[in-house]
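Trainee: Protein chains in written order, with the numbering used here: chain P, 1 to 338; chain W, 1 to 338; chain Y, 1 to 338; chain B, 1 to 338.
Any given hint could turn out to be false.
You can't tell identical chains apart in this list, so a pair holds if it fits in one copy or across any two.
[Claimed, not checked] DSBU-like mimics (lysine-lysine), calculated; alpha carbons at most 30 Å apart, straight line: (1) Lys167 x Lys41; (2) Lys250 x Lys185; (3) Lys245 x Lys185; (4) Lys167 x Lys274; (5) Lys297 x Lys203; (6) Lys245 x Lys145; (7) Lys185 x Lys260; (8) Lys250 x Lys297; (9) Lys41 x Lys185; (10) Lys41 x Lys260; (11) Lys274 x Lys41; (12) Lys250 x Lys41; (13) Lys328 x Lys3; (14) Lys297 x Lys145; (15) Lys260 x Lys122; (16) Lys83 x Lys65; (17) Lys103 x Lys77; (18) Lys167 x Lys185; (19) Lys167 x Lys77; (20) Lys328 x Lys274; (21) Lys103 x Lys203.
It is worth saying that the hints were derived from the structure and are not from the lab.
Number of protein chains: 4
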Amino acid sequence: MVKVGILGAAGYTGGELIRLLLNHPEVEIIFANSESNAGNKVYDVHEGLICETELEFTDEMPFDKVDVVFFCFGHGKSEAFLKEHSIPQNVKIIDLAQDFRIKGAHDYVYGLPEIHRAEAAKCQHLANPGCFATCIQVGLLPLAKAGLLTNDIAVNAITGSTGAGQKPAATTHFSWRSDNFSVYKLFNHQHLHEICQTLNELKPQGAPHVVDTLDEGFDAEGITVDFIPYRGDFARGIFCTEVVKLSEAKTAEEIAQLYKDFYADAAFTHYSDKALDLKQVVNTNKALVHTEVFGRKVVVTSMIDNLLKGAVGQAVQNMNIMFGLDEKAGLHLKASAF
Amino acid sequence: MVKVGILGAAGYTGGELIRLLLNHPEVEIIFANSESNAGNKVYDVHEGLICETELEFTDEMPFDKVDVVFFCFGHGKSEAFLKEHSIPQNVKIIDLAQDFRIKGAHDYVYGLPEIHRAEAAKCQHLANPGCFATCIQVGLLPLAKAGLLTNDIAVNAITGSTGAGQKPAATTHFSWRSDNFSVYKLFNHQHLHEICQTLNELKPQGAPHVVDTLDEGFDAEGITVDFIPYRGDFARGIFCTEVVKLSEAKTAEEIAQLYKDFYADAAFTHYSDKALDLKQVVNTNKALVHTEVFGRKVVVTSMIDNLLKGAVGQAVQNMNIMFGLDEKAGLHLKASAF
Amino acid sequence: MVKVGILGAAGYTGGELIRLLLNHPEVEIIFANSESNAGNKVYDVHEGLICETELEFTDEMPFDKVDVVFFCFGHGKSEAFLKEHSIPQNVKIIDLAQDFRIKGAHDYVYGLPEIHRAEAAKCQHLANPGCFATCIQVGLLPLAKAGLLTNDIAVNAITGSTGAGQKPAATTHFSWRSDNFSVYKLFNHQHLHEICQTLNELKPQGAPHVVDTLDEGFDAEGITVDFIPYRGDFARGIFCTEVVKLSEAKTAEEIAQLYKDFYADAAFTHYSDKALDLKQVVNTNKALVHTEVFGRKVVVTSMIDNLLKGAVGQAVQNMNIMFGLDEKAGLHLKASAF
Amino acid sequence: MVKVGILGAAGYTGGELIRLLLNHPEVEIIFANSESNAGNKVYDVHEGLICETELEFTDEMPFDKVDVVFFCFGHGKSEAFLKEHSIPQNVKIIDLAQDFRIKGAHDYVYGLPEIHRAEAAKCQHLANPGCFATCIQVGLLPLAKAGLLTNDIAVNAITGSTGAGQKPAATTHFSWRSDNFSVYKLFNHQHLHEICQTLNELKPQGAPHVVDTLDEGFDAEGITVDFIPYRGDFARGIFCTEVVKLSEAKTAEEIAQLYKDFYADAAFTHYSDKALDLKQVVNTNKALVHTEVFGRKVVVTSMIDNLLKGAVGQAVQNMNIMFGLDEKAGLHLKASAF
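Bound-form chain P, shown alone:
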């Protein structure tokens, strides 16, 4: 049994992680840390867990009793936490925040199993990808690796409200968000960093550089990811389209085959021959991808559940990989479907 500790256990991702791990056949939750809720039952906060566990939140962090710690903090807090606390070297870390997703003076592996499964299997520290980043990347990886990206890429992605976290705000108020639609962080979403990092890592030599416009600006040489995030009026899921102008003409069948080959070994990412709808993946760890070809352009549709494949589902998938378990263990989730 893998012994697990959870930091930030009272938030949205913390709760979803607990819901997953309680049914995971190879996992034991050792502690669920939340200072403000210490002493309360986990089901006092994550109310659906009533009668499923008597686990209590704790303000302690007995790192010596666990094999792995999940960081379910808000962004920026993981790095700060590690400056103030010391975690034994033999304890693995899976960080759900964005603090270590970009390569730098750290040893965190960027945990997108579709491309980094081998590295993840050997690593001690793993940075779990962002939700938009996961959805957009699974839509673009095969084209990037084949060197087919040639022009600016139009990316439009609609996210559910759980992507905005638990804290009530004007834009998460039901009266406002219900039946509403809006954009935010237009062309400026922080996930562009990790998306561009991956696309540049994957591209064959000679293929054009993908510009991280947040760092390099809009006039830098190369192709850009023109990413528009939308707030949808649903709670779970990300639905994304990516329009790519190919560097050379391809048939619809060739593109479909490219994706099928690329994801042949993926545990949760699949190509669909039919058009997609979001509820096929809601409440599961699956990512589904579909393509259509018009002249030199490919329109990709990709979608995930933002809390699962876009957050804790993928984190558990990564844990499975890191500990040599069945990659799907604990992740045979029934789709909600309706």
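Given the structure of chain P, go ahead and fit chains W, Y and B onto it with the hints provided.
Mentor: Below, chains W, Y and B without anything else, positioned relative to chain P:
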């Protein structure tokens, strides 16, 4: 032209009142008071009003320039406000809070036009009924007046999220409320006060006393209004059923006729021969009522838009009555329907 | 491994049953019958199942190869089917329709595990309870058994749209149902039959008869279940309140204890000390119940997922019982929570 | 008073048109034609109209008694109708279908008041623009006229379910569409015809041709409108983004000014300096537009209510123009806002 001042103009009811009055043919808005928003355009807060008005919020209250003031405060603040401020005798007041709905040492008329139109027409100060209270009362008034109430009344009413106001809270978070359902203030909702006051006022001599359980407790002699409020996962509207056991047998036709007669002169409250659905009234000032009879029991369905007939629509209706205008002026609203 | 055949496999309940059974550790699906879809992949209809199974619908019914058959027909078709087809005596039947829920000239056990687990464990043929019937019964069983029901019972239950099945209709049109609310089959819902049957079966001698108003009319002697079903604007779940006037005074603690004792051994039905919200149970097989006491009245809140505990989840629970498996096998479902 | 006849009066647009015209100060409805509903009250179908009108559907078409006829047919039926029926020359026609939107052997003016108000004022026959077409055009017109369109345009537009009409279908089933998201008619939506027609009409000489890919294919010379339509899980409204690469660098201020100037005289289309959200326009006839500039790219957001500015609201606006009435008459609609 009736000159209007609005206090609490930046809240939900304040905004809806401005949206109504801008199209009212006989009204001029003199000031819209909001201390925290003073100097801002009204459309900065109530964003749909862009290009409809250049009106700005003010922290001033020039009562000498207006004919009527609307109090769009939270509950309890109206009375407090009047202790600290003096409003000229010739300025009419319409209070949307609950501060003066119960008879006492004040001269406020309870402004339910279905029963108090004549008093409202002559009054200086008017207490606008609560949203649940309006919906439940229009469902029960004809039976109460006919002395047909004999047993405890089962009242179930589902409200939209705008009933909870503008301030973000856990139970107004989209992620929580979407697709969710719950009850609150079970058998304890404060609107019971005004409902019981009206039912007792209307009942013929000899008919049983209606117990205000909040004041008199559950063991007092008489019949009770067993009111369960539900939080629905929609933004606007109240849908209510009232189950009444009649003091004497009546046919379905007799009950229907009783309602039709009672509301023959009502400007906005109508009896429908067919079953109802909430969106018939959403975004209008209408109240619709339908009845079915089973043995000695009547099941009443009543419904309103909580922000309109349940709040500012009725307030404007009352203003029209108080100033001798057409009762429907400014209230010919297109239903949203979908 | 239990070998399973499914009739009516292309409908809502058929699809949900397949989604459950694919992850059930002790089950093998032998055939999924749907005449109109014969030859198609199951994931062509139940689209979320892409990449989870290559199972195809069949128009064959090889009863000799299975241990149990699930009838996922519309109501009334099960009985008709059995007149035209012969199923071997050793094959168990679980019927999800209402055809055999009322006792009569058949050997079907009414499969509500909270009261009939022992009978179910020994039976060959089982009638799975209705969705409303399950939710309302778990709310009333402890009071019925204790003989505390004394007066007409006010039952208000709100159901999601999946309760209305797969066939598009005016009242399932998104444009109509979204943000809408309505009642239907007022005081006339067919589930009253099975509810009354159970309440009368459970009540101690001397306690008042519960009138099945559909059969006996509204003037028969006894107490009635005044059931108002509502169409909610969500897809999954039933949220129900039951107001009961007790035959003798009880404290809130006594009532809570009564429920806790009654459900002490229940696998999926639990008493909650806190107020409930529907999403605690959505996408799970759980039923949650909560009570509050006001004078002589108890207000019960009960809730389930209509497709799971209200249909196929309970059917699988019953299958587990009938085959001596762990009652929870295949039913460790992660709540969708949001 | 303008005397109005309505054909196809029982559908979604027919109903919305009646809801508008009943409150229009200068209009009298002479007949509302619906063969299948002849003799029924209008409020039997459009149920919110109870107590607002006693108008009945008729199967007659007394064209000699009206000044204008609205065609609220499905697409393709208007032209067929006119082949079989003769409408007097002095009766104006406003066709809401797409039959006459493209120039050809007919005298219909394409009724987008933002560019064709003068022609509309003089015309007998008017083709009312499509909903997506209106929303996308108001987003692109100023750039097109200024000759700033230079590259393929990425258009993403999300529509509410009322865009799909009244007939129940799998993709309008509440259980499917609620919380769901999908695309349809990818790069193939029929409104591309009218959009391209307008953009080419407006562009200065020398600016690149806009390719109607439906007619000319994806390899034709020029720039394309890469339009992805999405099904949103709300009932009313279209929210659209258009990403344009400018032919020459412009500041954010210059672009904003371009839009403000272009729409200075528009009755319902306005530029907003702030980011938009859909509910600002829902239930109104307004179109709102906002722009942001990133390097050489402009991201435009445009939005309308699909049934109003995208259909009958614009039709009434056109009627007002055609009859010399105040362009806003009957269209002072209160936003639903929530």
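Trainee: Is it within a copy, between copies, both, or neither that the alpha carbon of Lys167 lies no farther than 30 Å from that of Lys274?
Mentor: Between. Shortest inter-copy distance 22 Å satisfies the 30 Å Cα cut-off; intra-copy 37 Å does not.
Trainee: Go through the copies and call it for Lys103 and Lys77: within, between, both or neither, with a Cα cutoff of 30 Å.
Mentor: Intra 18 Å, inter 56 Å, cutoff 30 Å: intra-copy only.
Trainee: Given identical chains, is Lys167 near Lys41, meaning Cα to Cα at most 30 Å, within a copy, between copies, both, or neither?
Mentor: Result: close both inside a copy and across copies, 20 Å intra and 28 Å inter.
Trainee: Between the shortest in-copy and the shortest cross-copy C-alpha distance, which are at most 30 Å for Lys245 and Lys185: within, between, both, or neither?
Mentor: For Lys245 and Lys185, the Cα distance is within 30 Å both inside one copy (24 Å) and across copies (19 Å).
Trainee: Given a CA cutoff of 30 Å, do Lys41 and Lys185 count as a within-copy pair, a between-copy pair, both, or neither?
Mentor: between (37 Å within a copy, 24 Å between copies)
Trainee: My question is about Lys185 and Lys260: at a cut-off of 30 Å on alpha-carbon distance, are they close within one copy, between copies, both, or neither?
Mentor: Between. Shortest inter-copy distance 24 Å satisfies the 30 Å Cα cut-off; intra-copy 32 Å does not.
Trainee: Classify it for me, Lys41 with Lys260: is the Cα-Cα distance of at most 30 Å met within a copy, between copies, both or neither?
Mentor: Close across copies (19 Å), not inside one copy (45 Å); limit 30 Å.
Trainee: Please sort Lys250 with Lys41 into within, between, both or neither, judging by C-alpha distance up to 30 Å.
Mentor: Between copies only: 29 Å across, 56 Å inside.
Trainee: As a check of your reading, is Lys103 near Lys203 (CA-CA no more than 30 Å) within one copy, between copies, both or neither?
Mentor: Classified as within; 17 Å inside a copy, 47 Å across copies.
Trainee: Are the CA atoms of Lys167 and Lys185 at most 30 Å apart within a copy, between copies, both, or neither?
Mentor: both (19 Å within a copy, 24 Å between copies)
Trainee: How would you classify Lys250 and Lys185 at a CA-CA limit of 30 Å: within, between, both, or neither?
Mentor: Between copies only: 21 Å across chains, 33 Å inside a chain, cut-off 30 Å.
Trainee: Regarding Lys328 and Lys274, is the shortest C-alpha distance of 30 Å or less found within a copy, between copies, in both, or in neither?
Mentor: Classified as within: same-chain Cα gap 24 Å, cross-chain 35 Å, threshold 30 Å.
The structure is consistent with each of the numbered hints, conforming to all of them.
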